[in-house]
Amino acid sequence: MACQGLAKGETTNTLKAESESLKAKLEEERAKLHDVELHQVAEKIDALGQFVMKTRRTLKGHGNKVLCMDWCRDKRRIVSSSQDGKVIVWDAYTTNKEHAVTMPCTWVMACAYAPSGCAVACGGLDNKCSVYPLSLDKNENLAAKKKSVAMHTNYLSSCSFTNSDMQILTSSGDGTCALWDVESGQLLQSFHGHSADVLSLDLAPSETGNTFVSGGCDKKANVWDMRSGQNVQSFETHESDINNVKYYPSGDAFATGSDDATCRLYDLRADREVAIYSKDSIIFGASSVDFSLSGRLLFAGYNDYTINVWDVLKGTRVAILFGHENRVSTVRVSPDGTAFCSGSWDNTLRIWA
Amino acid sequence: MTINTLSQDGVQRQQMPCLTKMERMIISMQDPDMGIKLRNQRLLITVIPHKCSISDEEALHVGQLFVKYGYIYPLKEPRNLILKADDSSYRFQTPYYWMSTRWPASELDYAIYLAKKNIRKQGELIEYEKECYNALHKRINHTWDFVVMQAREQLRASKQRRKGDRIVLECQEQAYWLVNRPPVSPEHYKLTTLTKNTIIEHNRISLARNRVKSSICLESYVKYCEQYQPHDPIMQGCLPSNPWITDDIMFWNMNSETVALPTKLRVERWSFSFMELLNDQMGRKEFLTYLEKEFSAENLCFWQACEDVRHGETAKIPEKVDEVYKQFLAPGASRWVNIDSKTMEKTLEGLKRPHRFVLDDAQMHIYFLMKKDSYPRYLKSELYKNLLARAIVPQETKKSVFPFMRRQRHSSPSPALATQTAEDDGKAKDESR
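Quick mapping for you: the protein sequence lines, in order, are chains A and B.
In terms of our numbering, the first sequence has 204 at position 204, counting the first letter as 1, and numbering is strictly consecutive.
Count along the second sequence from 1, then add 1000; that gives the number in our numbering.
No lab work stands behind these hints, which were simulated from the structure alone.
Incorrect hints may appear among the rest.
Pairs of lysine-lysine, PhoX-like flavour, derived with a Cα cap of 25 angstroms [stated by the list, open to error]:
{"id": "1", "chain 1": "B", "residue 1": "Lys1223", "chain 2": "B", "residue 2": "Lys1285"}
{"id": "2", "chain 1": "A", "residue 1": "Lys44", "chain 2": "B", "residue 2": "Lys1076"}
{"id": "3", "chain 1": "A", "residue 1": "Lys32", "chain 2": "B", "residue 2": "Lys1223"}
{"id": "4", "chain 1": "A", "residue 1": "Lys314", "chain 2": "B", "residue 2": "Lys1320"}
{"id": "5", "chain 1": "B", "residue 1": "Lys1159", "chain 2": "B", "residue 2": "Lys1076"}
{"id": "6", "chain 1": "B", "residue 1": "Lys1342", "chain 2": "B", "residue 2": "Lys1372"}
{"id": "7", "chain 1": "A", "residue 1": "Lys279", "chain 2": "A", "residue 2": "Lys220"}
{"id": "8", "chain 1": "B", "residue 1": "Lys1213", "chain 2": "A", "residue 2": "Lys23"}
{"id": "9", "chain 1": "B", "residue 1": "Lys1223", "chain 2": "A", "residue 2": "Lys23"}
{"id": "10", "chain 1": "A", "residue 1": "Lys16", "chain 2": "B", "residue 2": "Lys1130"}
{"id": "11", "chain 1": "A", "residue 1": "Lys147", "chain 2": "A", "residue 2": "Lys97"}
{"id": "12", "chain 1": "B", "residue 1": "Lys1196", "chain 2": "A", "residue 2": "Lys16"}
{"id": "13", "chain 1": "B", "residue 1": "Lys1320", "chain 2": "B", "residue 2": "Lys1285"}
{"id": "14", "chain 1": "B", "residue 1": "Lys1320", "chain 2": "A", "residue 2": "Lys147"}
{"id": "15", "chain 1": "B", "residue 1": "Lys1320", "chain 2": "A", "residue 2": "Lys219"}
{"id": "16", "chain 1": "B", "residue 1": "Lys1371", "chain 2": "B", "residue 2": "Lys1264"}
{"id": "17", "chain 1": "B", "residue 1": "Lys1223", "chain 2": "A", "residue 2": "Lys314"}
{"id": "18", "chain 1": "B", "residue 1": "Lys1068", "chain 2": "B", "residue 2": "Lys1159"}
{"id": "19", "chain 1": "A", "residue 1": "Lys220", "chain 2": "B", "residue 2": "Lys1196"}
{"id": "20", "chain 1": "B", "residue 1": "Lys1316", "chain 2": "A", "residue 2": "Lys23"}
{"id": "21", "chain 1": "A", "residue 1": "Lys146", "chain 2": "A", "residue 2": "Lys86"}
{"id": "22", "chain 1": "B", "residue 1": "Lys1076", "chain 2": "A", "residue 2": "Lys32"}
{"id": "23", "chain 1": "B", "residue 1": "Lys1138", "chain 2": "A", "residue 2": "Lys16"}
{"id": "24", "chain 1": "B", "residue 1": "Lys1138", "chain 2": "B", "residue 2": "Lys1076"}
{"id": "25", "chain 1": "A", "residue 1": "Lys145", "chain 2": "B", "residue 2": "Lys1316"}
{"id": "26", "chain 1": "B", "residue 1": "Lys1213", "chain 2": "A", "residue 2": "Lys25"}
{"id": "27", "chain 1": "A", "residue 1": "Lys146", "chain 2": "B", "residue 2": "Lys1316"}
{"id": "28", "chain 1": "A", "residue 1": "Lys97", "chain 2": "A", "residue 2": "Lys54"}
{"id": "29", "chain 1": "B", "residue 1": "Lys1223", "chain 2": "B", "residue 2": "Lys1213"}
{"id": "30", "chain 1": "A", "residue 1": "Lys25", "chain 2": "B", "residue 2": "Lys1196"}
Okay, the calculated beta carbon distance ranges per label pair [as the list claims (entries may be wrong)]:
{"id": "31", "chain 1": "B", "residue 1": "Asn1338", "chain 2": "A", "residue 2": "Ile320", "range": "54 to 60 angstroms"}
{"id": "32", "chain 1": "A", "residue 1": "Glu140", "chain 2": "B", "residue 2": "Glu1319", "range": "46 to 52 angstroms"}
{"id": "33", "chain 1": "A", "residue 1": "Glu140", "chain 2": "B", "residue 2": "Val1259", "range": "29 to 35 angstroms"}
{"id": "34", "chain 1": "B", "residue 1": "His1142", "chain 2": "A", "residue 2": "Arg227", "range": "50 to 56 angstroms"}
{"id": "35", "chain 1": "B", "residue 1": "Ile1216", "chain 2": "A", "residue 2": "Arg227", "range": "24 to 30 angstroms"}
{"id": "36", "chain 1": "B", "residue 1": "Arg1377", "chain 2": "A", "residue 2": "Lys147", "range": "41 to 47 angstroms"}
What you are looking at is a predicted structure, and each value in this text was computed from that prediction instead of being measured.
Glycine residues also receive a C-beta, built at the ideal position from the N, C-alpha and C atoms.
My request is simple: use the sequences and hints to build the entire structure.
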């Protein structure tokens, strides 16, 4: 019954105490360099004027809750997935459906468009991420050419192609993220560190393109080095599950949306939370967030059926968008910033501009 | 919010019918006429009644389950809850301590048991028991007086029993708690300490990190937002018009990859950062043209080849790396790139066992070389300035005279058609009015 792994005199209690004291010291160090708040710095900027955004397209066709969507790099096509197992590729501009795939499982919680526009990846309760090459032959069954890439031990919550069609990054309810080679299905790197389901991930738009951030049910947002698999930074200030993470366009910060009804901004160089976007009247959790092209606006979809638009610098809300008849599950800005798309449990997707 | 709905309770509740079955078997085993032969055992000076040993090999597996669930407990190695098919002694657990009668094992009872052990012999508690004892002391502190009192009472009562009975009862109680509060295995212990050690290491590294003052970081956001605001269609609109609002796709056509003359905003954006220039296909082409004039085009080509290795198929890596070596790194190569000797040495060494990141250092070196040297000069060059002067500023689309008449929404060739020639090009889809 030897207690291996402990040095002489140590017990798990002493380790715990050491861990706590280090955490406290870390908070102290972080606070030392915090000499100004974001809204103070933003005082000199002009406030935003009246904000008018309307639904420009409504995409109807899913038979059940829309759970996820992604834009194609051509700025007008999107892929969306839903609870009934259907994955649909639309030309959002004309609202025409171009492809449809029926997955062998329900709750397809993750979908992504490949950078080339020639394939889509999706997954959910099947614990896998599969890649479907898009064929224009109307008679061809897309499911025939499907490639099973990722294998997790719990549901797939999010997936994203890295800079090419050849690699996919996934996050799962089993608490890990993983990087896969599409052609062979080989696991290239796995990322362990979350102590609960990982719900979302986002790749950094940096020059070296080597990091990504993930957020999960353990209230933590972790930044990872894709090459080594190491957790390089960790932030834990939310009071509940983090549903979505998204990088600020410059790559120096990222925003999170959480079940505690707040969205927060974390700076990577200052290594701390720098802004909270919340209001007493917002009670329900934020399911999804995304920045406008300049990073000045943060669009956040909530479980109370609304979308709130926040002024990132001033910390105030500039608009509240109504229209969906159920929870908003996903919000993504188009690649050229001309519009954003929202998907909801009311079975529809809306394009706002 | 996760969709996992499995709870611990569900597992336990399933086991109850199994326990009833096991108990029926146990009872029949102890039947004096049909059951297992029991022998009295002489143990030193006391006689321990009701011992039995199991020799039937077929029943070994069922026997294992009995031991695991505490219906039978071993005498020689009480902490080792397995059934051995030899002559080792076991004893039937009294029904009082059966799982079905006393499930779930209460915290209070466990506290009393540990307290008794502690009082009886100081230091008899082993490591994990000590931890549980301390944890319980914290958790049910309000009833601790009761716990200690009960423990003392039970100890006093047991002293008045016959030694044989006392030993049996102690064995039974110990066996019960070994089943219901199993010791944390050394591996699990190792795992928790390992996790704690990693967290501590992680925190130490975080403490040592270089942090930047908030004022500097936050100022950079203000600058970034200001710089990009004219390019943000949602913030400031876009020229000629936002396609989603006016149903006019001129904006997309004018900003496509293959347009003859780019817009002014687009060319301006290349001056924001080196990454912006490289991210735009047209910008990259222009930059390549400039580098060719400067006889340093191999730098950009090398960088592109490295990107291809990093993001490409795993299977093709060795051949790609080989190509890169032949073209850019080998002595006397046709497009030799100028890397410092240290990086070159390290890279050549790594090429013996090519992997996805083997060219990273060299790629980084060339990237920063271009960024610090060629890029700023490009922005000052005639080539760039000319393009900027010629670049288009689109006219704002005149608002339609009849705003309620929606324009035709033209479909576009799908990117999936990349290899085919566009068949659906220009097919106009009439929207019903």
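Original post:
Of the hints stated earlier, which fail here?
Top reply: 1, 2, 4, 9, 15, 18, 20, 22, 24, 32
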